[in-house]
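Chemist: As a plain string of letters, each chain reads:
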Amino acid sequence: MKRRTKKLLLNWRIILLTVFLIGSVVTLAVRPLTFGIDISGGVALVAQTEHPVDADTMQLVVDSLQKRLNTLGLRDITVEAQGDQIVLVKVANVTTAEEADAIKNVIESQGVFYMEFDGVIFGTGQDVEYVGIYQIKPDNTWSVPFRISKSAAEKFAELAKGKTGWPVDMFLDPPVNSLLVVPDSVYNLMNSSEFNAQVPEAPTLLQRITKAFNITVVAYANQTADELADMAEGREKIVLVDLNQGLQSELENMNVTVRLVQRGPGESDHALIIRTLGLYGPYSVGEGLATGQPQQDVQITGTASDRLTAEQEARQIYTVLKSGSLPVKLNVVGMEFISPRLGENFKYQALLAGIGALIAVFAIVYFHYRNWKIAIPVASTSFFEAIIILGFAALIQWNLDLPSIAGIIAAIGTGVDQQIVITDELLGGTKETRITRRSNVLKRMGRAFFVIFASAATTIVAMSFLLIYFVGTLKGFAFTTILGVVIGILVTRPAYAEIAKYLLGED
Amino acid sequence: MSKPKTKGEPDAWEAVRMKKQKKLSVLARMDYKKMITYPLAVFIVALILLAVHFPHLGIDLQGGVVITAYGVDTNPDELAKYISDQIGVDVRVESFSGVDTKGVRVYAPTGTDPLEIINVMKTKYPDAEYTHSEVQPTFGEISQQQGIRALILAFIGMAVVVFLFFRNLVPSLTIMFSALSDMVIAVAIMGIFGIQLTTATIAALLMLIGYTVDSNILLTTRLLKRKEDTIEDAYLSAVSTGFTMSTTTLGALFVLWLISTSQTIDNIAVVLIFGLLADFMNTWLLNAGVLKWYLARGSTRGGKA
Numbered sequence: 001m002k003r004r005t006k007k008l009l010l011n012w013r014i015i016l017l018t019v020f021l022i023g024s025v026v027t028l029a030v031r032p033l034t035f036g037i038d039i040s041g042g043v044a045l046v047a048q049t050e051h052p053v054d055a056d057t058m059q060l061v062v063d064s065l066q067k068r069l070n071t072l073g074l075r076d077i078t079v080e081a082q083g084d085q086i087v088l089v090k091v092a093n094v095t096t097a098e099e100a101d102a103i104k105n106v107i108e109s110q111g112v113f114y115m116e117f118d119g120v121i122f123g124t125g126q127d128v129e130y131v132g133i134y135q136i137k138p139d140n141t142w143s144v145p146f147r148i149s150k151s152a153a154e155k156f157a158e159l160a161k162g163k164t165g166w167p168v169d170m171f172l173d174p175p176v177n178s179l180l181v182v183p184d185s186v187y188n189l190m191n192s193s194e195f196n197a198q199v200p201e202a203p204t205l206l207q208r209i210t211k212a213f214n215i216t217v218v219a220y221a222n223q224t225a226d227e228l229a230d231m232a233e234g235r236e237k238i239v240l241v242d243l244n245q246g247l248q249s250e251l252e253n254m255n256v257t258v259r260l261v262q263r264g265p266g267e268s269d270h271a272l273i274i275r276t277l278g279l280y281g282p283y284s285v286g287e288g289l290a291t292g293q294p295q296q297d298v299q300i301t302g303t304a305s306d307r308l309t310a311e312q313e314a315r316q317i318y319t320v321l322k323s324g325s326l327p328v329k330l331n332v333v334g335m336e337f338i339s340p341r342l343g344e345n346f347k348y349q350a351l352l353a354g355i356g357a358l359i360a361v362f363a364i365v366y367f368h369y370r371n372w373k374i375a376i377p378v379a380s381t382s383f384f385e386a387i388i389i390l391g392f393a394a395l396i397q398w399n400l401d402l403p404s405i406a407g408i409i410a411a412i413g414t415g416v417d418q419q420i421v422i423t424d425e426l427l428g429g430t431k432e433t434r435i436t437r438r439s440n441v442l443k444r445m446g447r448a449f450f451v452i453f454a455s456a457a458t459t460i461v462a463m464s465f466l467l468i469y470f471v472g473t474l475k476g477f478a479f480t481t482i483l484g485v486v487i488g489i490l491v492t493r494p495a496y497a498e499i500a501k502y503l504l505g506e507d
Numbered sequence: 001m002s003k004p005k006t007k008g009e010p011d012a013w014e015a016v017r018m019k020k021q022k023k024l025s026v027l028a029r030m031d032y033k034k035m036i037t038y039p040l041a042v043f044i045v046a047l048i049l050l051a052v053h054f055p056h057l058g059i060d061l062q063g064g065v066v067i068t069a070y071g072v073d074t075n076p077d078e079l080a081k082y083i084s085d086q087i088g089v090d091v092r093v094e095s096f097s098g099v100d101t102k103g104v105r106v107y108a109p110t111g112t113d114p115l116e117i118i119n120v121m122k123t124k125y126p127d128a129e130y131t132h133s134e135v136q137p138t139f140g141e142i143s144q145q146q147g148i149r150a151l152i153l154a155f156i157g158m159a160v161v162v163f164l165f166f167r168n169l170v171p172s173l174t175i176m177f178s179a180l181s182d183m184v185i186a187v188a189i190m191g192i193f194g195i196q197l198t199t200a201t202i203a204a205l206l207m208l209i210g211y212t213v214d215s216n217i218l219l220t221t222r223l224l225k226r227k228e229d230t231i232e233d234a235y236l237s238a239v240s241t242g243f244t245m246s247t248t249t250l251g252a253l254f255v256l257w258l259i260s261t262s263q264t265i266d267n268i269a270v271v272l273i274f275g276l277l278a279d280f281m282n283t284w285l286l287n288a289g290v291l292k293w294y295l296a297r298g299s300t301r302g303g304k305a
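Chains A and B are the protein sequences, given in the same order. So the first sequence is numbered by our numbering: it starts at 1 and just counts up by one. So the second sequence is numbered by our numbering: it starts at 1 and just counts up by one.
Chain A extracted, bound-state conformation (with noise of 0.2 angstroms):
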């Protein structure tokens, strides 16, 4: 008997789970479980390019996010590229939805960045050279402090020479090369000298953005989408300010890029054009700066209804001022957001509905065998598993979510399956067969293993697929259950099919 018992401790699958099971603990000890923001709660952004991308300007996308959400001050964000078009933010700690929001804001502003003067662009974000801290007063005003290059301040010195008093503008992702159909109020509104600081005979903000962005302004007079699509001709897109979305459909029906801008509850003219058109300013050309003396400290400022409104857009510009501007145009698909409350609720069910699930196994094999020597084996053999895939899920820092629980406890579903064809061959045949041929074990073994294999392969090349072609957050789900399947046929499958020849006297 005792011979037996070191045999069994010897053998090498033996030997391998136990050095996978003290290997996982110390793991899990050393370096704790990461979870998903699902559970640990925050946030997590799909968001698409405006067009398929290669993969130089996917990775620029990337860091240029990586490093624009850092200078926000945020902190355990990860940014993935999934394909050519996709990019997957996720940002812990999130405590409310606006927060989230705003973080929508600051990804989908692309970022490009200029000032205008006359029609004339005299610089543009890279001629950002410094970004100061941003500053708000009690008025709730805002104001980001920045530096230009010198040769956009001289540039700016040459165009505003004798010109006090004139328009300065500021944009952030101006609609440029577009089409602009606006209601009748608000053409008129851009067409007067409403936005021209203090010198009414200065060209007019639509006279500037024409020359400035090519942004031809038409006002909506019942234009058919075939008369809208016509004038575009040539165009990257049309903007619809404040139109039906019936006119939108058509006109991307019949592949024209349209973006509709919506008025907001009680949203004025005024601020409806500031919005549409990324307008900061206009500013006035103060009397020190018409003098033909270049001058490189600038600031950008606005006003806000509420002090936090006005943080928000502070910081929003200043983020993008101090990152630079995106390659290309990113919208956010798809949003979550989870708050950490929940998300601690969440990983306690998870925990439970773990052993809750163990406890079943356990009790429906002991119920099947009405033997303590399988269910003990079948029940510890998963219980082993799961920790081995949470020791490794820890070593690779993988964010466990809850796709990714799902899939460790249906790698474990997989697992109890095939102990029991193991146990089922190891019982099979009658009473008599089993004790008078040992050899037949082997053969056994065989063919439990041939099952076995073959199932896990196919679960194997069917979970692939989603770990490579899927999008968004379940890929978690097929690298659980793949590592859970590789870990069962490699590992406590094989220990479990000695444990059980031991215990059942096949031996």
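Treat the hints as calculated values from the structure; they're not laboratory data. No incorrect hints appear here.
Dumping the calculated DSS-like pairs for lysine-lysine here, alpha-carbon to alpha-carbon at most 30 angstroms:
| id | chain 1 | residue 1 | chain 2 | residue 2 |
| --- | --- | --- | --- | --- |
| 1 | A | Lys347 | B | Lys122 |
| 2 | B | Lys22 | A | Lys373 |
| 3 | A | Lys373 | B | Lys19 |
| 4 | B | Lys22 | A | Lys501 |
| 5 | A | Lys150 | A | Lys211 |
Predicted, not measured: the structure shown is a model, and the values here were computed from it.
For this one, chain A is given, so just place chain B on it according to the hints.
Modeler: Leaving out everything else, chain B in the frame of chain A:
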């Protein structure tokens, strides 16, 4: 552990096994034509069900906004009306409950501002815990295409693996059809119970491929390779193993479904449960029937199997 092997104990499980086999022997004695007909009928009913009532697509596949509030216990219809009145957008509300929490999910069309709905709800339920997610239709479309592609590719991959393992057309095709039928039936039942088709449930359908092939491979191996037993004995031993496998998995999944309040985990668990139930029929009736027929046919022509 060092206790000598007792003779009494094996008899105990022997008795349990005999009892189980007795119960299952009804299946073993069934005529293979019937074994094939019933599952085929169910498959066709499932197809008709799908044509009439395909499951709704979740917001992650078609776009939209969903707000989940935990700690809210209310009549969904009243809440839907209240929110719709406040923000002027039609919303759909459903309630759910877990072991220790109750809550509601509010579905709103694309373009609705989730913060607006949350603010409206906060006036009524300030202490609830809110989460929200938002998906644009364009991304929903991408996910749909990817889901379909993943399913097709996984299916082809499965077919290739199964064929490589058995090198025999009839059993391989039967396993594939059985897996297909499992998925179709699972999706049809989803439609009946109003479970949405989401990326999570697509993952569950993929997982189903792994689970269902397990038992089919077991059956095929026992019937084709275990030549020392009669077909009936081989079938009986396979079905009793399969029965144990399925009940343990079902038990674990049921516990998972019961405890979790996460929609992702709930949906994965419940779709796997449907699929496993369908698989029980498809493996032990359909697949077994085809194999019995195949083996009988082979032996009359000179034992090709």
